[in-house]
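Here the protein sequences line up with chains X and G, keeping their order.
Under my numbering, think of the first position of the first sequence as 9, with each following residue one higher.
Under my numbering, think of the first position of the second sequence as 36, with each following residue one higher.
Be aware that a few hints might be false.
Partial pick of chain G residues on the chain X-facing surface, computed with a CB cut under 8 Å [to be verified]:
1. A36
2. S38
3. F69
4. V72
5. S74
6. G78
7. K84
8. R104
9. A122
10. F125
11. G129
12. D130
13. T136
14. F140
15. G143
Bear in mind the hints are in silico, worked out from the structure with no lab data behind them.
By construction, the Cβ of each residue, glycine as well, lies at the ideal position given by its N, Cα and C atoms.
Chain by chain, the residues:
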Amino acid sequence: DTEVTQTPKHLVMGMTNKKSLKCEQHMGHRAMYWYKQKAKKPPELMFVYSYEKLSINESVPSRFSPECPNSSLLNLHLHALQPEDSALYLCASSFRTGREQYFGPGTRLTVT
Amino acid sequence: AQSVTQPDIHITVSEGASLELRCNYSYGATPYLFWYVQSPGQGLQLLLKYFSGDTLVQGIKGFEAEFKRSQSSFNLRKPSVHWSDAAEYFCAVGDENSGNTPLVFGKGTRLSVIA
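Put together the whole structure using the sequences plus the hints.
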């Protein structure tokens with residue numbers, strides 16, 4: 009099974025809301041990732057967790073806060089977002105960093 | 036640092052025609068190479084991967100890719116394109132031995148298929 013699940017599929021939030029995106033995998037992968045993707049652009053790496061520790065933060069604004077509660081789960085907490093944060097947010101996992109990544113279907117986020 | 040170049044931003048092919056999408060990488064040692072496909076509004080799906088060994092690798096959906104070290108290329112091919120192949124294609128390079136370095140993705144090639 010190479011499935012990564014993401015919830016919710018769609019999210020509309022106001023600029024003062026707090027919401028969370030969730031990602032789950034049961035492949036025993038020890039690296040998990042968050043990406044942001046705007047229309048007609050490649051995915052932009054936001055965060056990397058390796059063995060449940062944050063290993064890469066690509067200078068993402070603090071209104072995005074990642075969390076890795078255990079080896080199977082990855083959350084992205086959202087607070088005080090801006091309209092320009094509207095995008096497709098993709099979660100991925102891999103056996104280790106540098107190996108092939110398996111992606112979830114994404115969460116389409118709209119900030120109003 | 037690793038880098039990936041996909042020279043073609045957009046390619047249009049006729050249904051039933053052959054396809055080749057280009058990918059060039061920059062990396063000192065033997066890299067791990069991947070091709071992904073993304074349909075609109077969906078996540079990326081792994082088409083195939085190359086780690087070592089046979090330089091011609093077979094993937095899903097009838098795709099194959101050939102690793103050419105001398106040209107630093109990993110081009111994706113399909114002998115006969117179907118309308119459902121219309122999507123965005125991303126080439127990526129990785130290195131398991133580089134510590135915490137994740138995959139580096141190219142900017143993508145959009146494939147359109149016409150009747």
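So, going through the hints one by one against the coordinates:
| no. | hint | result |
| --- | --- | --- |
| 1 | A36 | 13 Å, violated |
| 2 | S38 | 13 Å, violated |
| 3 | F69 | 6 Å, holds |
| 4 | V72 | 11 Å, violated |
| 5 | S74 | 10 Å, violated |
| 6 | G78 | 4 Å, holds |
| 7 | K84 | 5 Å, holds |
| 8 | R104 | 19 Å, violated |
| 9 | A122 | 12 Å, violated |
| 10 | F125 | 6 Å, holds |
| 11 | G129 | 4 Å, holds |
| 12 | D130 | 5 Å, holds |
| 13 | T136 | 6 Å, holds |
| 14 | F140 | 5 Å, holds |
| 15 | G143 | 5 Å, holds |
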